[in-house]
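What follows is each chain in one-letter form.
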Amino acid sequence: MFGITDPAIWVGYLLALAFTLACLVYGLLNWNNGVEEQRDGS
Amino acid sequence: MAVDTRLFVAMTLVYLVIIIGLGYLGYRRTKESDDYMVAGRKIHPVVLALSYGATFISTSAIVGFGGVAAQLGMGMIWLTVLNIGLGIFIAFVFFGKRTRQIGHKLRAVTFPDLMGKCYGSPFMQYAAGLVIVLGMPLYTAAILIGGAQFITSTLQIPYTTALLAFAAIVALYVIIGGLIAVMYTDALQGGIMLVGMTVLLVLTYIRLGGVVEAHTVLAGMSDLVPEALAAGGMTGWASMPAFGSSIWLTLVTTLVLGVGIGVLAQPQLVVRFMTVKDSRALNRAVLVGGPFILMMTGVAFTAGALTNVYFYQTEGVTALAAATNGNVDTIIPNFINASMPDLFVVVFMLALLAAAMSTLSSLFHTMGTSLGFDVMRRTGTEKATMRPIRLATVTMIVVSIVLAFIMPGSIIARATAMFMGLCASAFLPTYAHAMYSSRPSLRAAKMSLATGTAAWFAWTAFVHVKESAALGLSNLLFGVPAVLSAPWQDVDPLVIALPLSAAALLVGWALDRHEVTADTEESAGAA
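Going down the list, the protein sequences come from chains E and Z.
When the letters of the first sequence are read in order and numbered with our numbering, they come out as residues 1 to 42.
When the letters of the second sequence are read in order and numbered with our numbering, they come out as residues 43 to 569.
Rather than coming from a laboratory, the hints here were simulated on the basis of the structure.
We put the CB at the ideal spot given by N, CA and C, even for glycine.
Please note that the accuracy of each hint is not assured.
From the derived model, a few chain Z residues whose C-beta atoms are all more than 12 Å from chain E [stated by the list, open to error]:
no.	residue
1	VAL51
2	TYR66
3	PHE165
4	LEU266
5	VAL417
6	LEU515
Cβ-Cβ distance ranges computed for the label pairs, FRET-style [claimed, not checked]:
no.	chain 1	residue 1	chain 2	residue 2	range
7	Z	ASP46	E	THR5	39 to 49 Å
8	E	LEU24	Z	LYS84	23 to 33 Å
9	Z	VAL253	E	LEU24	15 to 25 Å
10	E	LEU28	Z	LEU266	36 to 46 Å
Start from the sequences, fold in the hints, and give me the full structure.
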């Protein structure tokens, strides 16, 4: 894949990109969540 | 070197003026100890994400580990997988939110303070503070060495002057502006690093003829692997080393697992979770943090491995052969100087300076607060006062500078891995237990902290040959550089110490539960 033949390397690249995507999706989905805790915690 | 020194000096001066300005802003906004210790608990999510990332990623990650990727190849990408998966996602979502909630509720201001208050034990605060005060100067000195080496080679000034000036500038804004100054400057530095690494990635691929072309050439260079590395199990720069070989063990246990897991329990990172006002800020920070780390270590490791293609095509040698005096830390700077346009060399050098300063400032701050608040004043409930903490910060800075003059120059990546291994072994099970147990067991925490720290030191001093041979304790007591033979002497201390630390925690917890059950039954019997 992309010139890299060893699956142990390109799987690593795919996972790095997948986790980055997970961070983006999580951040977007929870953009406005978590405000209530502040009122409870204060 | 290729860089236009006058341009670099001019840009550095502008950069330093802004840094000092942000330091002054931090000073103006620091009214009480909470501001100094946890930035008033009202940091913006983008500042948090960039500060966390910039602290996480030092010059060591870019130059030191990028150099290791030039030597050992693209297998280092697995460290990026852990950096993002564990270091950002798990850290923020599973540890960060609990840390913020509990830290806010207990009014904790440092990592040891958080541990002390969670377990209701001044001992825990003192012990955690002591591990930081004793272990962190090693890592700090490595960051100082990396920064000073880079300034020396870029500006052609004496090493001693570079080291002292570098430490003094960072010390200035840490001491006066506390964590607000540290995080504001971190955010700017993170932004510069992002620009530098993005341009590095694009220009590297353009220089080498495109993504597929560059990778294909690298994959075809496997017959050029030096004999010594091939004997250790290396198979090429675009493939993993042979499973179970000494290079595989070093890559997987020390570099990938040691650094990748170690980041979860680093006190200077944990304290950042307590600087925001709610979980929403942490959710938003995840969105920035993931891509930021990908662009830092992902690019450093990829470009690092690809330097082999560049040096082979231009000089007919591998990156390791092109390193100055065989020092892998020089590969990335040599590559940048030789292959990139002058303006980018200056931008990248500024990014490296920013990376070193952002990590250093956080370490200075964490060591200072640990010594001045957790170790010297382990009362646990009293409010911190800033003067002793500032004095303690100065003390720890001096200790780190002295250590930087004593330690060898090629220690950057190793000292980073060592510190992260120590943090995970000593703190991770205890920290996780404190965050996720409704009634955390003090006995379990003490057993885990003691076992993890002792096992890490024992394996480092007597088994892991790369450190035990240098430390000399094993040779002094047993007449051999390491008491166990291969493959054990290639296994990182973390791989042994962390499971032992976790096991000790479980044993202590089980004992506590057993006693509680026995007491309950006794009371019921008596009734």
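Query - Status of the given 15 to 25 Å range, CB of LEU24(E) versus CB of VAL253(Z) - result: holds, 22 Å
**Report entry** Status of the stated non-contact between TYR66(Z) and chain E (beta carbon gap over 12 Å)
**Finding:** holds, 30 Å
Report task. Confirm or reject the statement that PHE165(Z) sits farther than 12 Å, beta carbon to beta carbon, from all of chain E. Result -> holds, 27 Å
Query raised in the report: Does the Cβ pair LEU24(E), LYS84(Z) satisfy 23 to 33 Å?
Result: holds, 25 Å
**Report entry** Beyond 12 Å from each Cβ of chain E, as asserted for LEU266(Z)
**Finding:** holds, 16 Å
Report task. For the range 39 to 49 Å, tell me whether the beta carbons of ASP46(Z) and THR5(E) fit it or not. Result -> holds, 41 Å
Query - Given as non-interface: LEU515(Z), which should sit over 12 Å from chain E by C-beta - result: It holds; LEU515(Z) is separated from chain E by about 36 Å at its closest Cβ, greater than 12 Å.
Report task. With 36 to 46 Å as the target window, see if LEU28(E) and LEU266(Z) comply at their CB atoms. Result -> Given about 45 Å between the Cβ atoms, the range holds.
**Report entry** VAL417(Z) non-interfacial with respect to chain E [C-beta, more than 12 Å]
**Finding:** With a cut-off of 12 Å, VAL417(Z) remains clear of chain E, as the shortest Cβ separation is near 28 Å.
Query - Status of the stated non-contact between VAL51(Z) and chain E (beta carbon gap over 12 Å) - result: holds, 36 Å
Of the numbered hints stated above, none is contradicted by the structure.
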